[in-house]
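Protein chains: 2
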Amino acid sequence: MDDPIATSDRSGTANEGLTVWFTGLSGAGKTTLCNAVYSALLDQGRRVEILDGDALRRHLSRDLSFSKEDRDENIRRIGFIADMLTRNGILVLVAAISPYRAARDEVRQKIGRFLEVFVDAPLSVCEERDPKGLYRKARRGELRGFTGIDDPYEEPLLPDVRCHTDQETLEVSSRKVVSAVADYLNFSRPGP
Amino acid sequence: MDDPIATSDRSGTANEGLTVWFTGLSGAGKTTLCNAVYSALLDQGRRVEILDGDALRRHLSRDLSFSKEDRDENIRRIGFIADMLTRNGILVLVAAISPYRAARDEVRQKIGRFLEVFVDAPLSVCEERDPKGLYRKARRGELRGFTGIDDPYEEPLLPDVRCHTDQETLEVSSRKVVSAVADYLNFSRPGP
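The listed protein sequences correspond, in order, to chains A and B. Numbered according to the numbering used here, the first sequence spans residues 1 to 192. Numbered according to the numbering used here, the second sequence spans residues 1001 to 1192.
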């Protein structure tokens, strides 16, 4: 076996696995929404795991900067783990800015069983919320390469779910995602 | 939730998850044994995943060298993923030289549900096998910090299973591990 990691097949559980990828600006509400969806899915008795970009940077990617190259590598690593969990029948919720479309499309293609959730709030709203004070720092020039300020965010062209977190309640956003997950799991065939 | 990754609980499936950690010199037969155990466990209908140190270096740790610090970080990353899979009810087989006792003990403690398999073959045998030609390179000084040559390997003091791959057949080694796994899963209570 050349690369045993890529070859395994779990036909028995494959059709329960799915990666739900939350992308959006810092402060758009990815983690909050992710946690709400997590609770709802747990209540349904599903096996769910959260991969939070911030936490993963501490655990797996301490070496990576916020350059485009390193951001892409970070997304690749998250995608690698999400793929492994997904093919083992686990529902994976990923919360990561993941600003580049190509990197998101790459993990979508790799994982196959994938829903993209665009956590959509205007930059001005995110900047006003500024829960971690990062926008202020970025505006003052203390943070370089901050998404939305001096680094691009490429919006999803055709997300599976779009949540306008500045216009709808957390409950509404969460229900949209949970219902998309249910649809996917009910109507999909065992994945690639 | 501060660090959602660490807080989840899977009481329903926790007692199926287990990390089996194969440690030993390069050329001792970790990957070969790992693959044999993998097949046997798959045949039993278990959900199994292999985390191969070499493959993971390509996927997750391209940035890491073979210094002690980077080796420890590599083991920590593998342990992080193994932990996540284990608490989701998956049998994880890790094949990694993992030369430092403290790093292995750290992941064992973190994961909880853990068996250490010492893939034990004398250095002279491993060096004679030299399946990847690495020992020759190390002896010629073309590779620095090679475990067993100019870098230490700290043997497990009390491994759960010890396989003398120079004295016993692959089948015997594999059966020892599979039987230890069965014992663990039959007699263990849902993990920490």
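Quick caveat, the hints were computed from the structure, so don't treat them as lab data. Because the structure is a prediction, the values reported are computed rather than measured. Ideal Cβ placement from N, Cα and C applies to all residues, glycine included. Among the hints, a few may not be true.
As the list claims (entries may be wrong) - What follows is a list of derived Cβ distance ranges for each label pair:
no., chain 1, residue 1, chain 2, residue 2, range
1, B, Asp-1070, A, Glu-154, 55 to 65 Å
2, B, Asp-1070, A, Leu-42, 31 to 41 Å
3, B, Asp-1054, A, Ser-67, 24 to 34 Å
To be verified - A few chain A residues facing chain B, derived, Cβ under 7 Å:
no., residue
4, Ser-65
5, Phe-80
6, Ile-90
Practice task
Check each numbered hint from earlier against the structure, then list the numbers of those it violates in ascending order.
Solution key: 1 and 4
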